[in-house]
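Take the sequence shown: its position 78, counting from 1, is numbered 77 in numbering that gives the first Met the number 0, and each next residue is one higher.
Since the hints were made in silico from the structure, they are not lab data. Beta carbons: idealized from backbone N, C-alpha and C, even for Gly. Treat each hint with caution, since some may be false.
[Stated by the list, open to error] Pairwise CB distance ranges, derived in the manner of DEER restraints:
(1) Pro7 x Asp84: 43 to 51 Å
(2) Phe13 x Gly70: 37 to 45 Å
(3) Glu14 x Ser90: 27 to 35 Å
(4) Glu72 x Ala10: 44 to 52 Å
(5) Ser67 x Ala12: 22 to 30 Å
(6) Val48 x Glu72: 19 to 27 Å
(7) Ala134 x Pro7: 17 to 25 Å
(8) Val48 x Leu79: 17 to 25 Å
(9) Pro33 x Lys64: 36 to 44 Å
(10) Ser90 x Lys9: 37 to 45 Å
(11) Glu139 x Ala12: 18 to 26 Å
(12) His58 x Met137: 42 to 50 Å
(13) Asp92 x Arg16: 32 to 40 Å
(14) Tyr86 x Ala12: 30 to 38 Å
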Amino acid sequence: MSPSTDTPSKAKAFEARMSKSIHMGKKVARSLLPGVAPSSFFFRKSVIVVVVDALRGSHCIARAKDGSRCGNEVQAQAVLEALADLYKITSDDNELMEGLVDIAEKCTCRHKEMNEHYSLQARKIAENWMDQTTAMDMWEISTL
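Make the full structure from the sequences, and use the hints.
What follows is the structure in structure tokens.
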């Protein structure tokens with residue numbers, strides 16, 4: 000079989016696998032996000048990816064004055080509660096931002112040296128997550 004006739008069949012098989020994977024992924028995600036309308040589903044999916052990536056591990060997500068990540072331990076229970084809050088995401092953008100701020104507050108610590116509570120950075124952290132989500136969403140749209 001020549002490569003020219005083999006390539007279209009491989010491409011069709013790949014497209015079929017991807018289509019099936021995407022469909023299954025949507026089905027699972029819809030069951031996890033019942034409050035999200037189909038029109039805003041892809042953006043909310045990206046929010047979850049960005050937030051889960053930021054929360055992996057049980058370290059404070061705030062930034063120190065020098066710009067480095069704090070790295071202090073945060074209670075595992077707080078991280079689990081924050082991840083559970085992702086289930087409550089809805090299609091309302093204002094509720095989404097407030098939910099992200101709450102999640103960020105749960106996953107910050109009190110810095111011992113400066114006596115500064117990092118939860119004051121929660122809104123900025125949530126805005127950063129939204130910026131990352133928008134960039135991820137735009138990249139995903141451009142690759143479709």
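Hints, verified against the model:
1. Between Pro7 and Asp84 the beta carbon distance is about 46 Å. The supplied range of 43 to 51 Å therefore holds.
2. At about 41 Å, the beta-carbon gap between Phe13 and Gly70 stays in the expected band of 37 to 45 Å.
3. Taking 27 to 35 Å as the suggested C-beta distance range, the pair Glu14 and Ser90 conforms, at roughly 30 Å.
4. Against the hinted window of 44 to 52 Å, the Cβ-Cβ separation of Glu72 and Ala10 comes to about 48 Å, which satisfies the hint.
5. The hinted range of 22 to 30 Å is not satisfied by Ser67 and Ala12, whose Cβ atoms lie roughly 46 Å apart.
6. Checking the proposed 19 to 27 Å range against Val48 and Glu72 shows it holds: the Cβ atoms sit about 24 Å from each other.
7. Remark: the range hint 17 to 25 Å for Ala134 to Pro7 is contradicted by a beta-carbon distance near 34 Å.
8. The hinted range of 17 to 25 Å is satisfied by Val48 and Leu79, whose Cβ atoms lie roughly 18 Å apart.
9. At about 41 Å, the beta-carbon gap between Pro33 and Lys64 stays in the expected band of 36 to 44 Å.
10. Range check, Ser90 to Lys9: about 39 Å between beta-carbon atoms, so the 37 to 45 Å window is met.
11. A beta carbon spacing of about 23 Å between Glu139 and Ala12 agrees with the range 18 to 26 Å that was offered as a hint.
12. Evaluation of the 42 to 50 Å hint for His58 and Met137 yields a failure: the beta carbon distance comes to about 28 Å.
13. The hinted range of 32 to 40 Å is satisfied by Asp92 and Arg16, whose Cβ atoms lie roughly 34 Å apart.
14. At about 35 Å, the CB distance of Tyr86 to Ala12 agrees with the hint of 30 to 38 Å.
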